[in-house]
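Residue numbers (the numbering used here), protein chains in the order written: chain A, 1 to 321; chain B, 1 to 128.
Treat each hint with caution, since some may be false.
[Said to hold, decoys possible] From the structure, some residues in chain A lie toward chain B, with a derived Cβ separation under 8 Å:
#: 1; residue: Thr225
#: 2; residue: Ala229
#: 3; residue: Gln263
[As the list claims (entries may be wrong)] Label pairs and their computed distance ranges (CB to CB):
#: 4; chain 1: A; residue 1: Asp218; chain 2: B; residue 2: Thr99; range: 29 to 37 Å
#: 5; chain 1: A; residue 1: Ser219; chain 2: B; residue 2: Leu94; range: 29 to 37 Å
#: 6; chain 1: A; residue 1: Leu174; chain 2: B; residue 2: Thr89; range: 43 to 51 Å
#: 7; chain 1: A; residue 1: Ala43; chain 2: B; residue 2: Leu94; range: 39 to 47 Å
#: 8; chain 1: A; residue 1: Arg206; chain 2: B; residue 2: Thr99; range: 36 to 44 Å
#: 9; chain 1: A; residue 1: Asp218; chain 2: B; residue 2: Ala108; range: 22 to 30 Å
#: 10; chain 1: B; residue 1: Tyr91; chain 2: A; residue 2: Arg52; range: 28 to 36 Å
#: 11; chain 1: B; residue 1: Leu94; chain 2: A; residue 2: Asp218; range: 49 to 57 Å
#: 12; chain 1: A; residue 1: Pro208; chain 2: B; residue 2: Leu94; range: 58 to 66 Å
If you're looking for bench data, these hints aren't it; they were derived computationally from the structure.
Don't be surprised by glycine CBs; every beta carbon is placed ideally from N, CA and C.
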Amino acid sequence: MITASTMTRPVPVGRAAVGVVSASAPQMGGIVSVHVRPPPQLAAADAEQAARTVVARIGTWARRLTRFDPGSELSVLNAAPDPDVDLGPTMTEVVDWGRGAEILTDGIVDIGLLAERLRAEVGSGKVGDPPLPASRRWSLTRRGRGATIARPVGLMFDFDGIAKGWLADRALALLAGVSAVVDADGDVAGRVVGSQPWFVGVTDPRDPDAFLARLRFDSNGTGMTFGVATSGRSVHRWLVEGRPSHHLIDPRTGRPAATDVVQATVVARTARAAEAFAKTAVIVGTEAALRRLDRPDVLGLILLTEDDTILASPATVELIA
Amino acid sequence: MEVLRQAPRPAPPPVSSVQRASPPRPTPLASRQRPDPNPTRFMVGLAAIASASAIATVMLSGIVPNAPDPVNAVAIVDVPSAAPAKHVTRYVQLKPGETAPPQAVTLAAPKPTPRVVVVTTTRQSGRP
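Go ahead and model the full structure; you've got the sequences and the hints to work with.
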């Protein structure tokens, strides 16, 4: 373990990188952006159009997956009165990844915790206190590009913690072979082609204009892909009976996680894996996070604890610009 | 005229037979050539110019300070003066392949700062 007192200090974002075309739009309650470094055979105007197209596609997918729109496919699923519900291709892929994230994190990431989350928001001025389901067990049966999900009525799904990483990876796949970065409101997927690296800043939650670190991603000569995601409890928080609460539910208790981690950033080969691991790190706390995430598919880990300590795994230091 | 003609004449010094044999004879006035005055005038002009130059040098010597003798220039610089000496440093940027002279003080050019442009950030997201 390396304390990060020597880590790179803040540098403002905003300058455009040379040779990079970008497109962005407000989506999912935040900002989605796509950055492309066009290859020689691709005109800058065409690259910019491609970036705008990808941003629009992210918006289309996100509208199917949000729980804040009663007409979204997710909301229809959560409100369905029958135990078996047919899903479209996008929902199928995301729910399937939800199962994958659950396996990857030993059950810490659980997409069937919306009722618990809503109950945790009681007293926050948000809606809440729904009945808890008798079981959170569910299964998915694929049929062509879609699937049928079987779950107990009342089990509601929440894609917070898995959807943005999935969206970033899916969007990056649309830009096959191109050096590009997709930022799905903080969860980032990237591909490095050629000699020009990508730099991604890790925002300091204590100062929005500052970075905990700047991460550098270089090509390995074969179009290396990477994912960076950050999870934390310092943005989504509120007071319940005078005590601070947050949105990250520990599936082992059904309540907001009691953790000393304020924010966790994980680097992996995909954004969806990074997102799942980052959420896991916050929920399980510093000690368990360092133990659980000491694995080869975690390329970097940066933790900000509640006593303002910044911790970074040794592999992370190699990524710091 | 006659007195002069009657006065005793001193004995002439002995002369050689050649001189005695061919004494100079006055040239008849009508056929005598006068000397060219131009060389004399030229020499007189040069002398006048030289004199004027010498006089001017003497007169101006009290107005115009003397130029330092190159041999004694260092000694003059070392004399303490009220005005500070002005040192001029020349900076020459060496091109690739060039080398500085042995006595020159060389300064390493600052390395360019690598341009790090953070294209985006990872952050906590969603609705607060």
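Non-conforming hints, listed in increasing numerical order: 1, 6, 8, 10, 11 and 12
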